[in-house]
Every structure is written in structure tokens, then in C-alpha cells.
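Q: For the protein sequence lines, the chains are A and B, in the order given. Following our numbering, the numbering of the first sequence begins with 1 at its first residue and continues without gaps. Following our numbering, the numbering of the second sequence begins with 1001 at its first residue and continues without gaps.
Hint data in this document are derived by calculation from the structure and do not stem from the laboratory. We put the beta carbon where it would ideally sit given N, CA and C, even for glycine.
Pair ranges (Cβ atoms, derived): (1) Arg-75/A <-> Val-1063/B: 32 to 38 Å; (2) Glu-15/A <-> Arg-1031/B: 25 to 31 Å; (3) Thr-1026/B <-> Ser-107/A: 20 to 26 Å; (4) Arg-137/A <-> Arg-1180/B: 50 to 56 Å.
Incomplete in silico selection of chain A near chain B, CB under 8 Å: (5) Ala-83; (6) Ile-84; (7) Leu-87; (8) Arg-97; (9) Ser-104.
Spelled out from the first residue to the last, the chains are:
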Amino acid sequence: MMGHVMNLLVQFVAELGGDETVRRIFEAAEVEAQEYRFEQVYPEEEFGALVAAGLEVLDVDVPTLEREFAEYFMRVSPELFPAIFELSGDARTLLKRIPTLHRSIPSAANRAAYRDKLFVEDCGEGGIRMRYDSPHRLCGFLKHLTRLTLEYYGEAGDVHEVECSRDGKSACVVEVTFDKAA
Amino acid sequence: MASDDLQASNGEAELADYRAFVQRQTASLVRDLTRVLFGDFDVVLRPESADPGFGSLAMMTNVAINSARNAINEKEALLDELKAQGAVVRSEKAILEAILETSDDGILYVSKEGRVAYANRLFWGLTGLMEDEHGELELEELIENLGAQGVSPADAFAPVLAAVATGAAEPVHVRFDLDRPAPRSFRAIWRPSESAVGESDGNLLVLRDISQVEEARRAKDQLLGNLAHEVRTPLTTIKGFVDLLARGHLGELEQRQAEALRTVSKNVERLTDLVANMLDADRVRTGVAKPTPSDLESVVREVVGNESPRGEKRGLRVVMRIAPLWVLCDRASLVQITRNLISNAIKYTPSGTVFVRVASGDDGFAELVVEDTGIGIPSAEIDRIFDRFYRAENEFVYAVGGTGVGLSIVKSFVESVGGSIDVESQPGKGSSFRVKLRSADGVSQAG
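Chain B with its partners taken away, still in its complex shape:
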């Protein structure tokens, strides 16, 4: 064999060897990378020889595999952490659900988009609505559907819808009744719910069935009313005999006897006032004013004439500016309204002036305004002064005495004949009560 041929033959053999080497290396690489593909990240590529090309490829591939393994480990650690957090969240959710589902209140959660997102079973039970029909309704639709349960609560929920529309952050209290699934009375509080970072996250409606409370209140009212009626008759007799004794019709009294009798008389007066107030409260419960024409001017003059002497003893002035107006409210109720307002003004004004004005409004209403320079009402309490039996937290108020039903009677009577009452007050400066009653102009004044 010639030298050239030998060299060529050697060259071909080397090339064949190198091809075989490359094939082995490639097959080994593919095999190792396939193991990686199947999830074996412990693979380490080891080239058969120190070939620089395969050495670099193997090194960089090992680095890439390590990077991938590290990334996967980090993600797995993160996943484990998330799983652990998920378990905590699930546990807390289970606790929260248990609390919500065993609550004595119906609870509704409305998302910030305005849709019903959650309600506990009691909510559906109390309202008689079906969860599967109302579970994803918008709040307005839900309220509308409550109307099918007998009494439309749309008006009661108007403040809630207003709060939703304006995004108000203050809680809203509402009260409403439903006829179905059973006659029930409810008190509800609507309040925004905040996320962990303090952002508005939706709203909660907590619904409390106050039917039993209302029933107890009615029973109490009835008891008080009956009691007052039962007490009035013997009290009248006692008062009559005390008067007879005081006037000496049953014989002259010694000084000590007269003093004792004055004490008895004073307390009989207080007891009589108390019973009168209780009977007024009962009247609010059982009846309403009638929209029959009455002479407001004469009523005001009569009441001021009766009540003002109590103030005059303390130097209090009662100033009247009275227009001759008739209003649609029966006289007995009108006397009650006027007396309670003027009597209160005199009682709670230690000194100064009580102004009583009657004027015609331009909207078909007559206005009775009773204004004083008295102790005034704190703003925090002004919404509650028309509640029955409510009395302001004030030493002077307690010293003056009373049952706390006077203003509730006024409000009840005024509203029952289509009128309204509002109040403005500043503590230490005085109060102004403005009653609007429908004018009787054009209505027969014979009644």
C-alpha cells in the first residue's frame, strides 16, 4: 500500500472513529436529557473524553439542569408554604362559617359590585327567600323580592340604597316587618366591610328578628295602660279627699297635719301627672289624632294660659305671636301636642324666654313654633328625643322629672294627621321645635 493510500486509509478510520464518538456522545446526552424530561434532576452529564466541545456542552447543560432544579425547589417550597397557608385559611373559613351559621342573626354579605355573595341559612330562613333563586342577585333585586313576603320593605331600605349609592361609610339602621313566611319584625344594620388593608370590601347586612321583643313591648304597654286606667279612679278619689281636707271641709287641721297634707298633695299631683302621661302613652299605642278642623289659635292661648304661671314663678317670660289659623287635627290631640311642647319648654328653661309662634306656611301647612332659651339638647341625643321613655342624660332633666313620653306623643299625633315635626337645638342656648300641621282653610270648621 502506497504511503498516500495508507494516510488516506488512516484518515478515514479516524473520521469513522470520530463519527462513532460523536454518535455515542450525542446518544448519551439525549438519554440524560430525556431522564431530566422525565423528572430526574440528579442527572450529571459526563462526557466520555476531554473533548472541549462536548465538555463545554456538558458543563453548560449541567448548569442549566441545576438552575432548573433550584427553580423547581424554590417553587415547590413556595407551593408548600401556599398549601400550609391554604390549610390555615380553610381552617379559619370553617370556623367563620360555623360562627356565621350558628349566629342568632341573619347575615348577608353583598360584594362591592352590589351582588349577594353570601348569606347564612338563618337569613334565608327569616326572610323566606330561597338561596338558589336569590343567591347571586343584586341587592336592589333582593330587596324588591322581599316585597313578595307581604310588606314592601323598599321604603325601609331606602337609606341602605342611598348609602350604597353614595358609598357612605357610616352604618345604617333600618326596621321593617314581613308578613311571610311568618309575621315578623326585623331590625337590621347595614355596614361597610373592610379588607385587611382597610379598603372597602363590600357590605354586611345583619338582620335581627325582634318579633319577640316587639311582642314583649306590646305586652308591657298593655300592662302599663291597664295599670294606669286602674290607678286613675282611686287616685281621683284620693285627690278629691285631699282637697277636701286641705280646704278644711272635713274639719280644721293642725299646722303639722296641714304640712303633712301638703306633702301628700304634692305627691298625689306627681302621681296624677305620671298616670296622665301613662294614659297618654297608651293613647299613642291604641289610637291616633283625627284630621278634623280645630282652632289652633284658641288652643295655644288656652295652653299658654294654663302652663305659663309655672314659669312666671321663676321669672320666665312666655311670648306669643299667634295668627288666627285652623288646622286639621282634633282639638284634644291638638291640646296634647301644644301642651307637651310648651310645658317642656317651660320645664327645661331655667330662665329667659319661651316664644310661641303660629304662622301660616305657603305650602298649605300651618306652623307652630315653640322656641326656648333653655338647657338645649346635645346633638348625639337629638335623634332619640322622640323615642318613648327616652330622657336625656342631664342632671337638670332628672331634677325636673317626667316619664319621657311627651315628645313621642307629639310626634305620633302630628304624623298621624299628615304633619311633621323637627327640632334644632344647641346645648346651653336653647331649642326650637317646629310643628307643621295641614291647614284647615277651605275645610268646613263646623267639626
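One chain only, chain A, in its complex shape:
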């Protein structure tokens, strides 16, 4: 998992419960407290342990954590990367660029450890089709982020999960259609 996402998760927890909550989460996850490096790729197990510890310490369920974290993520990302949001210009372009952006982040030294988890296919008039293949199965987080992206650009559309790994499928598939009138 990319250090950037892990750092955002820690910052999100810090905003919710302060430094003490962050400490408890690291402790519950049995992970050394640290600031994650933006360009570093960390073991998926470590991210999984942080998420599990977050659910336990914050006493929330998975959908709540996914929703709240997505809200935080979309609040801080345009501030961190204004040019990306500005130059993309619309939700469709930004969503299509996400896999490229993900692949651009890991440094050359640890690029081999990086694995694509999101694949975006442009279906023309049919919108886009996103395939999310992650051991963490946080497809709810993806769907919230997608809806918030539409909202950021003031667009209307539909975000619909047609396949879910929690139902035994090999990956989650989310289809996004864009309302032309918006």
C-alpha cells in the first residue's frame, strides 16, 4: 500500500480522536508508530492491520469507516494536489487518470513492490468501468470517493457496483455513468 494513503488514514484518525487515538491504533495494530513516506510502498498486511485496529479503537463498522475516510480523503486531496484536480477538469478525466497517478507515486527503488489495484476502462457513452482488486476489499471507500469526485466537479451521475469481491467474485466492479445535463 502506498505510504500516502496510509499517512492520510493516520491523519484522519488523528483528526477524529487526537494523538492518543493514533497511538492506540498503532498499538492495537502491533505496528511501530511512524510517519509514512509518500513515495514508499508498504506491506498490505500493515495497512490491513491499521484498518482493523481503526475499526476496533474507533468502534465503527466498515461502511462507516469507508464513508468517513472517503470524506476526509476528498477534503484534503484537492488541497494537496490542486493542479491535478484543476488540470483534469472533470470527474471522468480525473477518475481515468487515477491508475496513472498511482503508478507515478512509488519511487524507482520500490516500484517492484507496487501492484495495481485499480483499473479504469473508458466505455464511451456508457461511462467508465472500474475494476478494484484489493485484499482489503474497501470497495465502499472507492464508491464514496467516486461520488465525491462527481460532487467536487458539480456533476451528476450514477455509481453502481455490479460485482463485489465480498460476494465471492474475483474483484469488485464499479460502473460510473455521467449525466450529460449536469
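Fit chain B to the known structure of chain A by using the hints.
A: Quick look at chain B alone, frame taken from chain A:
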């Protein structure tokens, strides 16, 4: 406003201006670099002023972008070249596949790791094996599975497996039959395949269905056999009357008539020999020797007595060293074996000696050795001398005449009673044929 206050106020304003400048420059840089991230390598960073820090940063960033663009261009050019080469390879592969799939031969390619890597459809069709079940088998497993098709080809493929085990570079020829999916005869050649740089790259097995050839050969043999039988009766009559005429029983002949009759007689003899050989060949096809006890010593003495006069006319000596041994081979076949070997030795030895030895081996076999000081056999031809109708490429051999079936008959008879034959020869020095037949010691000699 006091002077100090004014200065402080001016300083704060300058600082605020500089902060704003830095923010604008930074935002501009981030924006330009984001364009690069999205694939726009034509971006050129232009600082707002000649600030040395931002100027250097912009210059070095432009250099880095140019380097990245050049590297990408090179890789794209390489990629285009690879794509073009890939298209050529795909085209050549398509041609090769078309050739392989329309070949009249079954073709199997076995990787250097010993696994079936490719086989054309005809290979699967001829062998009756299913591609999806055998496509990635090891060669040994494939050969084993061929056994399910009726006749175990394991023995036939033993030389192939030996070649695989030793990494032999020479082609190996094998022949085998299958009962299923249809009775068929095959000839196969196994040869190493080399990569473009001459390294061993696996092996090819080319499988040819010779069922029709074998059928044609059988038909030809049958025709020759029938023909020989049909010709023998009138030939015997002709020979009888020629003898009567020659002996004067049908009246005295004039000198010219006698000379003409000698020519007729000589050619009738040749024709009789030819028919006898054809009948022997037919006998090989239709029958085999029987493992009944026979007196090898008496057979050899009888044959030498009959054959040696032909050599003695040329001053050739036939030397015998014969042990009193019985062997398991019916007498008629034993006479045939012995006569063909001794007759050949005499025919192909212009001068010198023919040695005939019979001795007991210590492995339950008796040995008949016929050795000569004749023309010998070239090493390249020695593997073929037991083939039917094979005759060495030699003027002397052609001058002597013959059908080329004698040694094939010997081999067939010897092997049919569990014996063996081998030969050693040196061109110009002579040949030595060694026949091993099972000894009849302890077996009733009444038969």
C-alpha cells in the same frame, strides 16, 4: 509614522510580496509538473522573474523533463521496432504453422527439457492420441501412451530415448506399427533441433505413415513370389531338354549348335539361380526357420563340398575347422544360411582364402564363422547389407551378379530361431560373418 515603524512596515510589505511571489512560482511549478505527469512533455518552465533560486530550479527541471522525453522517445522507437519485428515473427510463425499443418508427415517438437511443446494435427491424427491429454507430457510418457494404441512402440523408441539420455546429435531412425486408430506402419526420424546460434534447442520427431508403401511392398513380394513359382516349372522343363540336347540324347549336335546350346544352358542356369533366389525371398516373406535340431557339421561339409569347386577354379582355397555340433535350426534353413554365406564369400573373394569355422560358444550357442580375404564392405554400407535387394555400389559386385536377397534371408532365418548375425569388414581386406545359433545340446536329435 516614525522612521523605524515605516521601515518595519516596508519590510513586512516586501516579505508579504515575496511570499506571494514564492506561492505563485510554486503553484506555477506544480501546475507545469502536473502537466508533465499527465504526459505533456512539451512543458517549459519559465520563472516569473530572474530570481536565481527559481531560475536554477526551472532550468534543471527543464533539463530533467527533456531527459525524460528523450528517454521516452528512445523507448518508443525501440518499442516500434520491437512491434515491427514482432509482426515479422508473427508472419513467419503463421507461414511455418501453415507449412507444418499441411505437411504429409506428423511432426512433434520436444523441448530440451523433454516435454511435448508442439505437434501438428496430423501427428495427433496418425497416432490417435488426444492433443489436450498429451500436449504437455514428457516424451517418455507420450511413448508409453502410444502403447495404448495396440502395439507397444517402447522397444522401437529405445534408440530415441537413448539418444535423449546421451544428448546424441545424430539423427535416429525408428520404425513401428500401431493397431489403433487404424492398423498403420510408421517410419520416424528423431533429430536434434538447433537454435539460431547453433545451440541444442530441443528435438524434432518426423513421423511418416508408410502403410501404403508397406502394402505396395507386400503386393510386389507376392507378385514376385507367384511369378517365381509360375516360372520354375517351365524353366525346369527347359533345363531338362537343354541337358538332353547337350548330352546328345536327342541326336548329335554340330559344333555351332553345341556352342549355341552352351550359351542357352549358361543363361538357363542364371535364370534358375534367379528364380531360386526369388523363391528364397518369398520364403522369407511367408515363412521362417524352425528350431528343430540339425547337424551343423554335416551341413557345412556338404555346402563346402558343393560350393568350393567354383572357387577352386580361380585358385581360391576353402579352409574348414569344424567341430561336431548340432544346432536348433531345421536342416533346409541351415543349408540355406550356410550356402548363402559360403557362396557369397567365394563369389566376392577374387583370390586368397575362405575360412569356415564351427565352434562351440560358452553361452549355449554354436558359432559359424565365414571369413574371407575378399573385396570387403565399405563401412557406410555395412548397415544395409542385410536389407533385401541391397547390393553394394561396386563394379566387382555387379560383375559377379546376384539379386541381393541372400544376406537378408540369412538374417531372417537366423533371427527366427533366436540366433544372431554380425559382420566385420574392411574394404580390400575381407569380411567376417559370425552366426550364432542356439546349441541343440540336451535336445533330442531325433528330429
